[in-house]
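**Student:** Take a look at the letters that make up each chain.
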Amino acid sequence: MSALPADTQPCLVATTRRGPTGDSLEESLYGTVRALLDGAGLGLDDIDHIAIASSDGLDGRAISSMVTGPAVGVYRHDTINSSSSGEHALILACLRIMAGRSRTVLTVNWGHPSEAPVDAVQRLELEPFFHRGLGGNHTVFHGLQASAYLGRTGLDPGVADEVLRKNGVAAQGGDEVVAWPLRARHLPPQVDGSVAVLVASAAWAASRGLPAVHVTGIGWNTSSFWERGAALGRLESLAAAAAQAYGRAGLPDPAAVDFVETTDLTPFHELMAYEALGLCGDGEAVDLLRSGATAPDGATPVNRSGGLHAGVPPFAHGLDRVAVAAEALLAGQGRRALVHAASGLAAQNNSVFVLRSE
Amino acid sequence: MTDATRTIEEKWDLTYRHAAGPVVSHFYDRLQSDGVLVGRRCPQCTRVLVPPRSFCDRCYVDTEDWIEVGPEGVVETFTVVYREFQSLPEPPYAMAYVRLDGADTAILNYVRGLDLREPVAAAAALRPGTRARLVVDEPQRRQGRITDFWFELLP
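Chains as they are written, first to last, in our numbering: chain A, 94 to 451; chain B, -11 to 143.
Hints may be right or wrong, so weigh each one.
Stated by the list, open to error - List of simulated lysine to any residue pairs, SDA-like, C-alpha gap at most 25 Å:
1) K(-1)/B with G226/A
2) K(-1)/B with S176/A
3) K(-1)/B with P347/A
4) K(-1)/B with E78/B
5) K(-1)/B with S75/B
6) K(-1)/B with G115/A
7) K(-1)/B with A213/A
8) K(-1)/B with P250/A
9) K(-1)/B with E218/A
10) K(-1)/B with C47/B
11) K(-1)/B with Q74/B
12) K(-1)/B with L104/B
13) K(-1)/B with A155/A
14) K(-1)/B with R225/A
Quick caveat, the hints were computed from the structure, so don't treat them as lab data.
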């Protein structure tokens, strides 16, 4: 994948990320896509395909892409919808380019939690026979994951605050224990917003004179819904996704990239990601953290953007992580980056993208 | 146009009737009638899956034998919830994945009979590796649901 011809090499050429606008969802999406097109000097006619990621439950619209599609420009366009996550829509977009089916694919993803009964929607993600009758949401399952990680490593829960301090994000919540070991300050804020990323072939980007970030490696993998318990303390599917992505990108040492953006659903997830991404050995995440290597000025900065605590809409975490990394590369803040995207009730879906700027 | 925009509120009341299938139905039949938990063994990897499934998603083959598990087991992970969430119980409450003796996978349920007022102390009591036991509700109160049983920590 790192040696694809220019007409099938997927690149990220433009991004737009917007927070709350006060508009309706449809108006907000229109504004986001309009801003991307205007910023890149493009029109809808330049777009071959549109890959949407929408959550019917969070949007309160089914099939959401049918009513939100017009806002992102699907009229008279070939389009596809991912109901699982934005990173999966991005992967579909890249595959369209790699297959030579499209020169440009607009990828759009959003989350408007202010409109939705988020906890009730997340409860619907539980399977109905053994879990839903108990109840649960992402926060509860992230607490179960964090406890499993602490149980595996023997770490003190206070390590979460070390991660927050490293990322330079102000504590937005207090000391209140929400779901042990998670305290309010360990949970990212729930904000409305949307993300748009234009994926194009390297040849098309060059023909338009647009700067391009090459996607040189992609991997994705899914853990078993059923094998939870102690297994929750290890991002097994992230390790598998990383191996795929590194192999395709020809990246023997992930720590050699200029920076990493992870989906830090909680600070404990960032530590689990260090290990699964191969930035350190099993159980060595705290040593890597305390070495300063993942600090903004470290050898391999992780989440120097502040991660999800900077304010990222739910269900758009993954595409946002990619957009943040692409923007940094386009701004000259490094040449190679690694992005980890996660989705699902307990981060069971994991994807990895290896990016390289030209 | 006005600066003050409206919100349109709506409420849905949807009732689903999920087909449980023969394996889940048998699990709840045994729980309701006999007060025991049973799992299914995968003939290929030989793991006993609890909750039971009609197929092993790792080996992708039919499971075959029914195996009674527990009533004791070990906490694999846990949380104690202190914040109130929509559609969830009144906090605080403890939940744990417990791998019952004879099973190879863990099942989630509430842990009761524990003082949850102090989070650090509660977490220490529930730490992974702690032994727990299955407690099944009184026969006349069982409904053939996951809430027919819970866990308590062993002394």
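**Student:** Next step is simple, just say for each hint if it's right about the structure.
**Tutor:** Cross-check of the supplied hints:
| no. | hint | in the structure |
| --- | --- | --- |
| 1 | K(-1)/B with G226/A | holds (21 Å) |
| 2 | K(-1)/B with S176/A | holds (22 Å) |
| 3 | K(-1)/B with P347/A | violated (48 Å) |
| 4 | K(-1)/B with E78/B | holds (22 Å) |
| 5 | K(-1)/B with S75/B | holds (14 Å) |
| 6 | K(-1)/B with G115/A | holds (22 Å) |
| 7 | K(-1)/B with A213/A | holds (12 Å) |
| 8 | K(-1)/B with P250/A | violated (39 Å) |
| 9 | K(-1)/B with E218/A | holds (19 Å) |
| 10 | K(-1)/B with C47/B | violated (42 Å) |
| 11 | K(-1)/B with Q74/B | holds (14 Å) |
| 12 | K(-1)/B with L104/B | violated (34 Å) |
| 13 | K(-1)/B with A155/A | holds (15 Å) |
| 14 | K(-1)/B with R225/A | holds (20 Å) |
In this structure, the earlier hints numbered 3, 8, 10 and 12 are contradicted, and the remaining ones agree with it.
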